[in-house]
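Undergrad: Assemble chain B onto chain A, guided by the hints.
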Amino acid sequence: MCGTLNVLRSSSSPRSRPPFPPIIPNSHPSVLHSHFSPPPTLSSSSSSSSSSPLCSLIISLHSPLSLLPMGPPEATEALLSEIATNGGHCENSSYFDGWKAYDQDPYHPTENPDGVIQMGLAENQLCHDLLEGWLRENPAASICTPEGSSQFKFVANFQDYHGLPSFRFAVAKFMEKARGGRVTFDPNRIVMSGGATGAQETLAFCLANPGDAFLIPTPYYPAFDRDFCWRTKARLLPIHCESSNGFKITAAALDDAYESAGKTKARVKGILVTNPSNPLGTTMDRETLQTLFSFVNEKRIHLICDEIFGGTVFKSQPFVSVVEIAAAGEANIDRSLVHVVSSLSKDLGLPGFRVGIIYSFNDAVVATARKMSSFGLVSSQTQHLLGAMLSDEEFTSRYLAENARRLAERHEEFTDGLKRVGIRCLDSNGGLFCWMDLRPMLKEKTPDGELELWRVIVNEVKLNVSPGSAFHCREPGWFRVCFANMDGETTATALRRIRRFVERAREAEEKEVKRKEKKRWDSGLRLSLPRRFDQNFAMAAIISSPHSPLVQATN
Amino acid sequence: MNHRKLIDLSKKAGCNISHGQNSSYFLGWQEYERNPYHPINNPSGIIQMGLAENQLSFDLLEEWLSKHPETTIFSKADGSASFFRDLALFQDYHGLPAFKHALAEFMSDLRGNRVIFEPSKLVLTAGATSANEILVFCLADPGDAFLVPTPYYPGFDRDLKWRTGAEIVPIQCSSTDYFRLTRTALERAYSCATKRKLRVKGVLLTNPSNPLGTTMSWTELNSLADFIDARRIHLICDEIYSGTNFDFPASFISIREIVAERSHLSSQVHIVCSLSKDLGLPGFRVGAIYSDNELVISAATKMSSFGLVSSQTQHLLAAMLGDKEFTAKYIVENKRRLRERRSRLVAGLESAGIGCLEGNAGLFCWVDMRHLLENPSFEGETKLWKKMLFQVGLNISPGSSCHCNEPGWFRVCFANMTDHATLDLAMQRLREFINAIDHRAPGGGRNRRSGPVPLARWLLRFSSSESVRRAEQHLR
Numbered sequence: 001m002c003g004t005l006n007v008l009r010s011s012s013s014p015r016s017r018p019p020f021p022p023i024i025p026n027s028h029p030s031v032l033h034s035h036f037s038p039p040p041t042l043s044s045s046s047s048s049s050s051s052s053p054l055c056s057l058i059i060s061l062h063s064p065l066s067l068l069p070m071g072p073p074e075a076t077e078a079l080l081s082e083i084a085t086n087g088g089h090c091e092n093s094s095y096f097d098g099w100k101a102y103d104q105d106p107y108h109p110t111e112n113p114d115g116v117i118q119m120g121l122a123e124n125q126l127c128h129d130l131l132e133g134w135l136r137e138n139p140a141a142s143i144c145t146p147e148g149s150s151q152f153k154f155v156a157n158f159q160d161y162h163g164l165p166s167f168r169f170a171v172a173k174f175m176e177k178a179r180g181g182r183v184t185f186d187p188n189r190i191v192m193s194g195g196a197t198g199a200q201e202t203l204a205f206c207l208a209n210p211g212d213a214f215l216i217p218t219p220y221y222p223a224f225d226r227d228f229c230w231r232t233k234a235r236l237l238p239i240h241c242e243s244s245n246g247f248k249i250t251a252a253a254l255d256d257a258y259e260s261a262g263k264t265k266a267r268v269k270g271i272l273v274t275n276p277s278n279p280l281g282t283t284m285d286r287e288t289l290q291t292l293f294s295f296v297n298e299k300r301i302h303l304i305c306d307e308i309f310g311g312t313v314f315k316s317q318p319f320v321s322v323v324e325i326a327a328a329g330e331a332n333i334d335r336s337l338v339h340v341v342s343s344l345s346k347d348l349g350l351p352g353f354r355v356g357i358i359y360s361f362n363d364a365v366v367a368t369a370r371k372m373s374s375f376g377l378v379s380s381q382t383q384h385l386l387g388a389m390l391s392d393e394e395f396t397s398r399y400l401a402e403n404a405r406r407l408a409e410r411h412e413e414f415t416d417g418l419k420r421v422g423i424r425c426l427d428s429n430g431g432l433f434c435w436m437d438l439r440p441m442l443k444e445k446t447p448d449g450e451l452e453l454w455r456v457i458v459n460e461v462k463l464n465v466s467p468g469s470a471f472h473c474r475e476p477g478w479f480r481v482c483f484a485n486m487d488g489e490t491t492a493t494a495l496r497r498i499r500r501f502v503e504r505a506r507e508a509e510e511k512e513v514k515r516k517e518k519k520r521w522d523s524g525l526r527l528s529l530p531r532r533f534d535q536n537f538a539m540a541a542i543i544s545s546p547h548s549p550l551v552q553a554t555n
Numbered sequence: 001m002n003h004r005k006l007i008d009l010s011k012k013a014g015c016n017i018s019h020g021q022n023s024s025y026f027l028g029w030q031e032y033e034r035n036p037y038h039p040i041n042n043p044s045g046i047i048q049m050g051l052a053e054n055q056l057s058f059d060l061l062e063e064w065l066s067k068h069p070e071t072t073i074f075s076k077a078d079g080s081a082s083f084f085r086d087l088a089l090f091q092d093y094h095g096l097p098a099f100k101h102a103l104a105e106f107m108s109d110l111r112g113n114r115v116i117f118e119p120s121k122l123v124l125t126a127g128a129t130s131a132n133e134i135l136v137f138c139l140a141d142p143g144d145a146f147l148v149p150t151p152y153y154p155g156f157d158r159d160l161k162w163r164t165g166a167e168i169v170p171i172q173c174s175s176t177d178y179f180r181l182t183r184t185a186l187e188r189a190y191s192c193a194t195k196r197k198l199r200v201k202g203v204l205l206t207n208p209s210n211p212l213g214t215t216m217s218w219t220e221l222n223s224l225a226d227f228i229d230a231r232r233i234h235l236i237c238d239e240i241y242s243g244t245n246f247d248f249p250a251s252f253i254s255i256r257e258i259v260a261e262r263s264h265l266s267s268q269v270h271i272v273c274s275l276s277k278d279l280g281l282p283g284f285r286v287g288a289i290y291s292d293n294e295l296v297i298s299a300a301t302k303m304s305s306f307g308l309v310s311s312q313t314q315h316l317l318a319a320m321l322g323d324k325e326f327t328a329k330y331i332v333e334n335k336r337r338l339r340e341r342r343s344r345l346v347a348g349l350e351s352a353g354i355g356c357l358e359g360n361a362g363l364f365c366w367v368d369m370r371h372l373l374e375n376p377s378f379e380g381e382t383k384l385w386k387k388m389l390f391q392v393g394l395n396i397s398p399g400s401s402c403h404c405n406e407p408g409w410f411r412v413c414f415a416n417m418t419d420h421a422t423l424d425l426a427m428q429r430l431r432e433f434i435n436a437i438d439h440r441a442p443g444g445g446r447n448r449r450s451g452p453v454p455l456a457r458w459l460l461r462f463s464s465s466e467s468v469r470r471a472e473q474h475l476r
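If you read the sequences in order, they're chains A and B.
Residue 555, in full-length UniProt numbering, is where the first sequence stops; the numbers in between run on with no holes.
Residue 476, in full-length UniProt numbering, is where the second sequence stops; the numbers in between run on with no holes.
These are computed hints drawn from the structure, not numbers from a lab.
No false leads were mixed into what you were given.
With a straight-line cut-off of 30 Å between C-alpha atoms, the simulated DSS-like cross-links for lysine-lysine are:
{"no.": "1", "chain 1": "A", "residue 1": "K263", "chain 2": "B", "residue 2": "K11"}
{"no.": "2", "chain 1": "B", "residue 1": "K11", "chain 2": "A", "residue 2": "K299"}
{"no.": "3", "chain 1": "A", "residue 1": "K445", "chain 2": "A", "residue 2": "K462"}
{"no.": "4", "chain 1": "A", "residue 1": "K265", "chain 2": "B", "residue 2": "K11"}
{"no.": "5", "chain 1": "A", "residue 1": "K518", "chain 2": "A", "residue 2": "K443"}
{"no.": "6", "chain 1": "B", "residue 1": "K12", "chain 2": "A", "residue 2": "K299"}
{"no.": "7", "chain 1": "B", "residue 1": "K329", "chain 2": "A", "residue 2": "K153"}
{"no.": "8", "chain 1": "A", "residue 1": "K445", "chain 2": "A", "residue 2": "K518"}
{"no.": "9", "chain 1": "B", "residue 1": "K324", "chain 2": "A", "residue 2": "K153"}
{"no.": "10", "chain 1": "B", "residue 1": "K67", "chain 2": "A", "residue 2": "K153"}
{"no.": "11", "chain 1": "A", "residue 1": "K514", "chain 2": "A", "residue 2": "K443"}
{"no.": "12", "chain 1": "A", "residue 1": "K100", "chain 2": "B", "residue 2": "K121"}
{"no.": "13", "chain 1": "A", "residue 1": "K153", "chain 2": "A", "residue 2": "K173"}
{"no.": "14", "chain 1": "B", "residue 1": "K12", "chain 2": "A", "residue 2": "K263"}
Facing chain A, according to a computed beta carbon distance under 7 Å, are these residues of chain B, among others:
{"no.": "15", "residue": "A88"}
{"no.": "16", "residue": "L139"}
{"no.": "17", "residue": "T313"}
FRET-style restraints, in silico, Cβ to Cβ:
{"no.": "18", "chain 1": "A", "residue 1": "S150", "chain 2": "B", "residue 2": "K387", "range": "35 to 43 Å"}
{"no.": "19", "chain 1": "B", "residue 1": "S174", "chain 2": "A", "residue 2": "H162", "range": "37 to 45 Å"}
{"no.": "20", "chain 1": "A", "residue 1": "K299", "chain 2": "B", "residue 2": "R199", "range": "31 to 39 Å"}
{"no.": "21", "chain 1": "B", "residue 1": "N42", "chain 2": "A", "residue 2": "A140", "range": "24 to 32 Å"}
{"no.": "22", "chain 1": "B", "residue 1": "H264", "chain 2": "A", "residue 2": "R136", "range": "51 to 59 Å"}
{"no.": "23", "chain 1": "B", "residue 1": "E257", "chain 2": "A", "residue 2": "T446", "range": "55 to 63 Å"}
{"no.": "24", "chain 1": "B", "residue 1": "R199", "chain 2": "A", "residue 2": "E324", "range": "48 to 56 Å"}
{"no.": "25", "chain 1": "A", "residue 1": "A327", "chain 2": "B", "residue 2": "R196", "range": "43 to 51 Å"}
{"no.": "26", "chain 1": "A", "residue 1": "A367", "chain 2": "B", "residue 2": "S266", "range": "37 to 45 Å"}
{"no.": "27", "chain 1": "B", "residue 1": "R199", "chain 2": "A", "residue 2": "H162", "range": "35 to 43 Å"}
{"no.": "28", "chain 1": "A", "residue 1": "G488", "chain 2": "B", "residue 2": "G143", "range": "52 to 60 Å"}
{"no.": "29", "chain 1": "B", "residue 1": "R232", "chain 2": "A", "residue 2": "R136", "range": "51 to 59 Å"}
{"no.": "30", "chain 1": "A", "residue 1": "N188", "chain 2": "B", "residue 2": "G380", "range": "36 to 44 Å"}
{"no.": "31", "chain 1": "B", "residue 1": "A347", "chain 2": "A", "residue 2": "N188", "range": "42 to 50 Å"}
Ideal Cβ placement from N, Cα and C applies to all residues, glycine included.
So that you can see chain A by itself, here it is in the shape it has in the complex (with noise of 0.2 Å):
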């Protein structure tokens, strides 16, 4: 007993730091913390790699010698499956590897102020103290006080699937707050799953057969490629979005993708969106649901709308679910297509407890994914509790409304930050992370060049922030950067250290230029470089074709 409150003590650390390391990002650690090495290859075939031409590239890149395999004879593995074998779970993305870079030596304000800063961590911390507060004073909603121990018994022999009436009724009215109450949620379509992980895993499960493919806007979240593809055998083929309109989704890249799937034989079955989006942060207009809706029916395919972070829009314009677009009920719009994904862990800050949802207006996924979520079921002692605090209405508003001023705050502090540096972001009202364009950084305007300039973010600058190209994005030089999983100091710290990095990058630009002007080189690019390179942040969304460097030196 006392072992274990002092196992928790001793791990729990600074208050910047992820409480027991190893921890994971999006439920998703860094292979490195895997106790034994993980099969070291990347499968060619594997669909999930093939979107991604960087994938290899970075694992050849940054595969650590820990990566190399150790013990099981190859004949042990000739026993095992595919899916065991190939990689598909994609840990082996930059994604995670920067992780082994703030693992072995994480930023601690007294111990280790030097240390790696983490920012590759979507985690919301910043509204702990307000669940805290209300579960003092709630004891009857924990099974282990003395004031709901009564429960005890009933909650722990609870193994309906269908989840706890109080969990499902409470959950539902909880996510049409996060809505603004312009939607309702009927509670009887409310399927639990292990976290949204599960709950992509269940959908993809439900809607596709092996070699079925799904669309998705680049940049996307890079554990879809394992939650969408690895065990179920699906695909997902990427709708290019491009920085020139701010990666919104036009009708003409749903055309180009749906084409382009038409020509690897793949029979799509679906779009997927995040909404708002990881990594952009931004939020759908309701001219760009409409499209997807217009286009899903039209196809006779599915749309799936993780809303995983619909919690978090914290500015101008409201947050708007697919749902509202549903339930507006158009003549020729078929709400069965249509499927939601929602979960507790960005909204509430609450990961750890596995809650995932998913919401569908099909009755036949509803009825398959309920069966499914056998597999992984939330706790009875976790739905009891949160049964109980999401059911307080007066507490949700309040929580709700806290949690958007404090990330709206840090959103502004962070993004000011940067731009007193000439550093700017996309233009950005949810989620817990800036797209942040460093661009103008690049020696090359190539995936190589991102990398190069991520490794020396990572190593030298001591920020784990997380590539574009680990999102799939097409255009180099992006970078999600995650701001609500730190405290103030945390966050002051890390802008102190990007504005002397951009400072030094300044400075031997200009030394690189004066040596070359002496050297009378004739590039217009390099010459224009230094002197430009503020503008050249101030305008980068005006930047039509970053692919070529030449357009953009001359902009």
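TA: For chain B alone, kept in the frame of chain A given last:
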């Protein structure tokens, strides 16, 4: 439109068979839910005896909780700060170190510490359901087969086949062998699979057996080990009932004890365990995979992302299982109560002239009602099952739902009723039913009294001398 919708979904969604939920095992539950027994509110309702739940020892858990208020997640022992934040954010798929450590020790304790479990070889999953599926995902490609001895847990059709695309080929066990696993039956199943052009990737079994309520002998386990050695295939041992082996001294032998003597097999043997039966906490969804195979552990750990155990629950159970004094007491007392309850069921059945397979584990008896069948067929079995459900008001599980190849066997659960009174009422109903049949058809077609009862020697009475029984088991 409807037709179109079906096409729109996957085959798995359209398929109503392999998730197994249409079997009578589940139908009985539905009927029970419509009309559940309650001593006061619905005294003529259906008594649930189809649910392998352990409700006998909750008071012990509750007592422990009342003495350990510090397990609430929002107070630390010194009241200084809160665990809440740490736990809220904890999502490492390797699990809370304290919990895994405590779980590994608990597993060793349940096996008399004859084998040791290392926390690093343990993968936490959302229940045994998920653990079994993950293992099949790790070991088999679609179309590959696992050999599973019959009768087996109906949920395996869902857990092993539905989403993985793997196949189950039954190993036909028979009452003439007391449903023991024989090398002949294993080889027969293997060649049956080969004939169907299926690649056999392993054997999966439950030990202690669900639904038989028996443990496997050294002889059986060794012959199984020889088999997987010779065929170079895997063995998944579902040992989720290990803590329910209630004879004394305990006769349950973990597959790890066999592997300890045959280390070359260690990478082929995988264990599934859970706290749903051993601690009676199915709602908490705690399952685990234990394997010496590093690749399996690595892949399974990654797959566990699809169904991790809530950190809140890990925290509570780390404290509970970390209390060795408590677990030692719990294990002994829980077994005592199971033994007592089972004796009561066996005696009650006996008073109705019904025998059952001699068992020493589990939360159920494997009951022989062959003599009550109107005709020795599965139709006869279903007919009797419906009578039991609608007339007698007992929800028990017919052998056919467990893929038993001999009609007339039923799984009857005994530990999901909190008090003895409900069990006694169930037995009373059964006696009345049997008497009514006897009355209506004296000396009728059934062989209950007159006909041969080939299993009589071993069928009855758990209460016979433990040591003699155990010796018999080993001799066999």
